[in-house]
Structure formats: structure tokens, C-alpha cells
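*Asks:* Listed below are the residues making up each chain.
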Amino acid sequence: MAANAIDQTRRMLSLVTYLRERPGAHVADVARAFGITEDELISDLDVLPMCGTSFRGGDLLDIDTDGDRIWWRNPGALGAEAAEPLRIAADEATALLVAARAVATLPGLREGDRQALLRATAKLEAAAGEAAGASSRLSVTFESEGGVFADVDRAISERRRLWVRYYSPARDELTEREVDPIRLFAVGHTYMEAWCRLSEARRTFRLDRVAEIRLLDEPAAPPELELRDLSEGLVQPAAEDPEVVVEVGPGGRWVAEYYPHDSAEELADGGLRITLRTPEPASLRRLALRLGRDGRIVAPDELAESARSAALAALAAYEEPSAQDGQS
Amino acid sequence: MAIAKAERLMNLALCLLGTRRPLSKRELRGSIEAYLEAGSDDAFNRMFERDKDDLRELGLVIETVENLDGETGYLARRDSNRLPPVQLDAEEAAALGLAARVWQQARLAGAASGALQKLRAAGMPEADNPYEHSAIEPRIPVHEAAFEPLMLACRDRRPVVFEYRKATAARPGTRHVEPWTLECWRGHWYLAGWDRDRGAERVFRLSRITGKVRSRAGAFTAPVPDVVTVRETVESWAGETATRSARIRLRAGSGYPLRSRATSTRELGDGWDELEIPYGHGLDAWLVEFGPDVVVLEPADLRADVVDRLRAVAKG
Numbered sequence: 000m001a002a003n004a005i006d007q008t009r010r011m012l013s014l015v016t017y018l019r020e021r022p023g024a025h026v027a028d029v030a031r032a033f034g035i036t037e038d039e040l041i042s043d044l045d046v047l048p049m050c051g052t053s054f055r056g057g058d059l060l061d062i063d064t065d066g067d068r069i070w071w072r073n074p075g076a077l078g079a080e081a082a083e084p085l086r087i088a089a090d091e092a093t094a095l096l097v098a099a100r101a102v103a104t105l106p107g108l109r110e111g112d113r114q115a116l117l118r119a120t121a122k123l124e125a126a127a128g129e130a131a132g133a134s135s136r137l138s139v140t141f142e143s144e145g146g147v148f149a150d151v152d153r154a155i156s157e158r159r160r161l162w163v164r165y166y167s168p169a170r171d172e173l174t175e176r177e178v179d180p181i182r183l184f185a186v187g188h189t190y191m192e193a194w195c196r197l198s199e200a201r202r203t204f205r206l207d208r209v210a211e212i213r214l215l216d217e218p219a220a221p222p223e224l225e226l227r228d229l230s231e232g233l234v235q236p237a238a239e240d241p242e243v244v245v246e247v248g249p250g251g252r253w254v255a256e257y258y259p260h261d262s263a264e265e266l267a268d269g270g271l272r273i274t275l276r277t278p279e280p281a282s283l284r285r286l287a288l289r290l291g292r293d294g295r296i297v298a299p300d301e302l303a304e305s306a307r308s309a310a311l312a313a314l315a316a317y318e319e320p321s322a323q324d325g326q327s
Numbered sequence: 000m001a002i003a004k005a006e007r008l009m010n011l012a013l014c015l016l017g018t019r020r021p022l023s024k025r026e027l028r029g030s031i032e033a034y035l036e037a038g039s040d041d042a043f044n045r046m047f048e049r050d051k052d053d054l055r056e057l058g059l060v061i062e063t064v065e066n067l068d069g070e071t072g073y074l075a076r077r078d079s080n081r082l083p084p085v086q087l088d089a090e091e092a093a094a095l096g097l098a099a100r101v102w103q104q105a106r107l108a109g110a111a112s113g114a115l116q117k118l119r120a121a122g123m124p125e126a127d128n129p130y131e132h133s134a135i136e137p138r139i140p141v142h143e144a145a146f147e148p149l150m151l152a153c154r155d156r157r158p159v160v161f162e163y164r165k166a167t168a169a170r171p172g173t174r175h176v177e178p179w180t181l182e183c184w185r186g187h188w189y190l191a192g193w194d195r196d197r198g199a200e201r202v203f204r205l206s207r208i209t210g211k212v213r214s215r216a217g218a219f220t221a222p223v224p225d226v227v228t229v230r231e232t233v234e235s236w237a238g239e240t241a242t243r244s245a246r247i248r249l250r251a252g253s254g255y256p257l258r259s260r261a262t263s264t265r266e267l268g269d270g271w272d273e274l275e276i277p278y279g280h281g282l283d284a285w286l287v288e289f290g291p292d293v294v295v296l297e298p299a300d301l302r303a304d305v306v307d308r309l310r311a312v313a314k315g
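Protein chains in written order, with numbering that gives the first Met the number 0: chain X, 0 to 327; chain A, 0 to 315.
By construction, these hints were calculated from the structure, which means they are not laboratory data.
Given the structure is predicted, the values throughout are model-derived calculations rather than measurements.
Among the hints, erroneous ones may be present.
Distance condition first, Cα-Cα at most 25 Å in a straight line; then the derived SDA-like pairs of lysine to any residue [to be verified]:
1. A:Lys211 x X:His260
2. A:Lys4 x X:Asn73
3. A:Lys211 x X:Leu266
4. A:Lys4 x X:Asn3
5. A:Lys211 x A:Asp225
6. A:Lys211 x X:Asn73
7. A:Lys4 x X:Asp58
Some residues of chain A that are not near chain X, with every Cβ distance over 10 Å (derived) [claimed, not checked]:
8. Lys24
9. Ser39
10. Lys51
11. Asp53
12. Glu65
13. Arg174
14. Tyr255
15. Val294
Glycine residues also receive a C-beta, built at the ideal position from the N, C-alpha and C atoms.
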């Protein structure tokens, strides 16, 4: 079932042009060419026989399928011109051009692919004509660390293991580990999904936190894994993760923008009471320190206490005379 | 059973594309089953107007022509609706296929696939799976409800009004804006435009827009600049445009991100290093995150800010 009548109409108009040139086309091939499921295609084929230009005498499209191949028995019904490819709409040009320009900014894109993309973009701009104009009102830049990206990319294509020195902000430490890369993806930042041989688990690494990287000679041997569905968001806390409650004032509302959370309750002073879950509450000590007077940890107690004692220890250094040098 | 909307739209499109002379509403109503079933004239008129808008939304150029009897007729001329010749090879097709998959927003994802389908119908060769060509799987996240109305307002150059909560403000305030461009930077969307109340260019973060974005009648009052610098503005919020430098002591082995930005690093030998780092907006909050592993030496104002923040945390 098509989610959206406009998308389905748009698709059926192209389908009519496509099928006209290909009598007896296979359902599977057409679905793949159109980037849709066979069920979606079949539902289009159910609608098309109800369509036509009946003001000219009642010719409906005689299109049918046996589930394997598609036959159009009266391709003359539309007249020679009525099945010509349609121009690109402004929204279509915008969607495709903005995405193409964004992908072309990926430093890790293979050079051949980038060249093909740039050629295709220029042709599309020309074909879309005026409709391409509005695409300048939207832009997307991906970020990625060029050198690290190139090494990960190479490791994936050569199926090789990687050694990385990786920074974990939660613990403020660099760890060395060997990983078997699975894929690269970009959602704002660029990430590598990999099987981490240190933790024996799937891990996601943000490329700008890779301090050092080396290709190893060993082949990568990640276990067979189902790829995570990234549309659900990168951070997917588990139900059994411990709960953390943070109360922030108006100046700490940004926490709700940056941390996936279960709930954010409005407080009378314009602040928020945010409940979130994390496998490692200690990793939020940084947040507690950062918030200063703009917020505090309500629960768990150990986390609140560790932020307090870290602040006290830090303050002690400012009272030592040795730390006073540099002060005029 | 009511006739599906896609069927009705498709019939209207085929009628308008297939005719050489303008068709009147009366003729169209007599030709399309869904319109015959529409019941009252009012219901039909409403449906017809909406359908025409929908077809225009998907790119159809529909002309309105008045005939000699003063009756309005409609047609979609072939020459204004035909795709100009475009030749794409398999590699180019694969590249566009990858690009079309990056949107995580229904409207843009639909529009991007629609463009590909038109190109496919026009003979664009089949690509192999684009993922076999490239190792990267880029995704453009769009979680903000304000995105779609603002995208349309930017496209149509329509002024908007929305409630906006500044990062540190308790209550949102009403902003009247002439929207210019939307930009996605580090996974977040920003709007640049003319803030009518402030009489100046402003950048807004979409996640801070609360409630609905409403359109306003009328045209833009301020000229739209050729180049809009969203990123520079956002970077200065994030403290990346440092104008001064700071001297800190950092415990050996800790604070890698500080080290990677340092302009100079000196080992002190007692388990501490001394670093010179760029000092921009927000550095105090960042340094506090490192707790007892960082001691600010100078400048004095930064040192005071950090101590101040630490005291607030110590009080709990």
C-alpha cells in the first residue's frame, strides 16, 4: 500500500512511460528499477487499469500481470505523446540535487564515484532547468575525517582488521583495540560500525575520535550480524539500562537536545526534569560538571556524589600556591 | 467504496496530458469516475482544486485557459511537461541512486525517488547496488517538526512566524522571519533568514522552535543575500572561532581532545603537562568537564569562570 497518494501518482506516471517501452517486463525487474517492493508495484498495477483518458471515448489502460510479467495490451490508448517522460519537478530536483551535493562533500567518497556524481549532478541541473533553482535554499554538509576514513574504507574493501587508538569522552581516556570494520555511515558525524575484539561486541566509533589508525595484515572476521536500523537513531538505550534523572535550569535545556531521553518534564522555573537511561551512568559525570549552576544530577546518588567530589578535588588545585603562577 | 486518491489524480493527470485543447471542469467531471461520484458541486469543486494543486506539487505544469464562451479550461501541454533529453551512464546512475537514499524525511525521500523514477523512465540505465560502489552510507537526519513547513516557506519565499526558545531562555519568544535557507551541519538543522523584529539576519536552530510554524501573507521586505553564512555563525556559537589563547595544566595521559587542539604542549615532569589552547566562547564549560585533571593558569577571567562553575557543582 502506497503511503502517499502523491508519491504513488508520480510513480505511476513514470511507470506508464517505462512499461510502454518494455512489453512483457518482469515484475521483479520493474520493482528493482523503480526502487520499490514487488507488492508496491502490484498495488500500482491494480490501480492503472482504472485510469485512462475516458473523455476521448473510454479507453482505460489495459495493463495486467500474471504476477511474473506485465503486459500492456493497448499502449496506443494514451496517444504517442502522452507517455513521454515528464520533466523534473522543483521539489524532486531539490531533493536529489541537495543530496547529491552533500554526498559529493564526503572526503571518503571514492574518487571515481565522486566524479560520476559531479557529472550526474551537472546533467540533472541542466535537465531540471528552472526547477533546479530552489535547490540552493537547502544544503547539507557531512563531516568526516579524511585520512581515517580512507583507511577504514580500504580495510572494508580488503576485509582487513584495523588497530585503532580511540578516545572515549565518557572515561576521558584513549584505548587501543583491534576491530573488524563492518561499515561506514554518516549521520551528522561519520561513524564506523565494527566488531570490537577487545569488548567482543559490536561498537560504533566516531571517526573524529580516532586518534590513530593502522591497517593490520590479519583478515577481518566479524561474526554474521544483522545491520542495525539507523533510522531509529544512533543511541538506542536498552530497557534494562540504569535510569539517570537530571534537573536543569533554563540554561541547561540544551541537554534535552543532545541526549536521547525517556521524558523531559517542564519545571516551573523554565527548566526541565530529564529522565534518561544509559548503560554507564558514570559517563555522565562530565555532563554534571559541565552544567555548573545550570543543572544537577538528582539520581543516582553515586553519580551526583562523584561530580561533587570531582569539583572539590579540582577546586583544591586552585588553592595551591603552585597553581598560582601565571597569575599577575 | 470511495475511489482511491491516487487513481483520481492519475486520471486527472492523464486527461490533462492527453488533450490538445483545454478541457472544461464540466468535461473533466464527466470523464473521471471519482468526480462523477463526488455528489454536490461544492464537494467536486473542492476536490478538483486540491487535485490540481497536488499535481502541480509533483511537477505538472497545468495551464488555465479561458475559451470564447468565457468558460475556463485546463490542459498540461506536452512541451512544457516533457523532460529534456538527458543521458546518464551506469556509474552516474549508481551515484544518483546513492544520493536518493540519504534522506530520512518522507517528503524529500519521496521526491528524490520520484526524480530517479522519471530518469529511469527516460532510459537511465540500471545501476548495480550503489552500496557495492561505495563503502559509505550517508544519512541526512531530519527529526525536527519545523523542517517541512520551513523548507516549503524557503522554497516559496513566504514569511513565517514561530515560537523560538533561545538556548538559555526560560520562555520561548515569537519571531517573525523571512526564511532564506536551511542548512544541516553536524547533524542539526539551522535556518538563516531575516528577523523582522530585530531588523537583522539571524540563524535559528530548528530543534529550538516550539509549536507550529505558521505562514504569513505578503512578500519578503529585505533583500535575500547571494551567500548566506550559516556555518560561520554556528561555529562561533560553538566557540570554534577563538580570538585569544589560554594556558592550562593538564594531567599527563588525560584530555586527548584538548591536546589535539593545543598550539603548544610542554611536559612539566611531575605528572602534568602545560598546554596552550585556543580560547573561544564556551571554553570554560568544556574545561570543567575534565574535573581535577585540568587547572587553568591564565587568563584570569577564564580561571575565575572555571572556579565559579566548580563551586556551583561542589555545592550540589
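*Asks:* Decide if the proposed pair is consistent with the structure: lysine 211 (chain A) and asparagine 73 (chain X), CA atoms, cutoff 25 Å inclusive.
*Replies:* violated, 49 Å
*Asks:* Checking a non-interface call: every C-beta of chain X should be farther than 10 Å from the C-beta of lysine 24 (chain A). Is that right?
*Replies:* Its Cβ never comes within 10 Å of chain X, the nearest being 12 Å, so this holds.
*Asks:* Grab the minimum beta-carbon distance between valine 294 (chain A) and chain X and tell me whether it stays above 10 Å.
*Replies:* The assertion about valine 294 (chain A) is violated, with a minimum of 5 Å to chain X.
*Asks:* Next pair to validate is lysine 211 (chain A) with aspartate 225 (chain A); report whether the Cα-Cα distance is within 25 Å.
*Replies:* Not satisfied, since the Cα-Cα distance of roughly 28 Å exceeds 25 Å.
*Asks:* Is the Cβ of serine 39 (chain A) farther than 10 Å from every Cβ of chain X?
*Replies:* holds, 22 Å
*Asks:* Regarding the pair lysine 4 (chain A) and asparagine 3 (chain X), is the alpha-carbon distance no greater than 25 Å?
*Replies:* The given pair, whose Cα atoms are some 9 Å apart, holds under the 25 Å limit.
*Asks:* Is it correct that the beta-carbon of aspartate 53 (chain A) has no partner in chain X closer than or equal to 10 Å?
*Replies:* violated, 6 Å
*Asks:* Find the nearest Cβ of chain X to the Cβ of glutamate 65 (chain A) and say whether that gap is larger than 10 Å.
*Replies:* holds, 19 Å
*Asks:* Would lysine 51 (chain A) pass as off the interface with chain X, using Cβ distances and a cut of 10 Å?
*Replies:* holds, 13 Å
*Asks:* Checking a non-interface call: every C-beta of chain X should be farther than 10 Å from the C-beta of tyrosine 255 (chain A). Is that right?
*Replies:* About 5 Å separates tyrosine 255 (chain A) from the closest Cβ of chain X, which leaves it inside 10 Å; violated.
*Asks:* Compare the distance between the alpha carbons of lysine 211 (chain A) and histidine 260 (chain X) with 25 Å, and conclude whether the hinted pair is satisfied.
*Replies:* Since the Cα atoms of lysine 211 (chain A) and histidine 260 (chain X) sit roughly 22 Å apart, the hinted pair holds (cutoff 25 Å).
*Asks:* Run the distance test for lysine 4 (chain A) versus aspartate 58 (chain X): straight-line Cα separation, threshold 25 Å.
*Replies:* At roughly 20 Å apart (the allowed maximum being 25 Å), aspartate 58 (chain X) and lysine 4 (chain A) satisfy the hint.
The structure does not agree with the numbered hints 5, 6, 11, 14, 15 stated previously, though it agrees with the rest.
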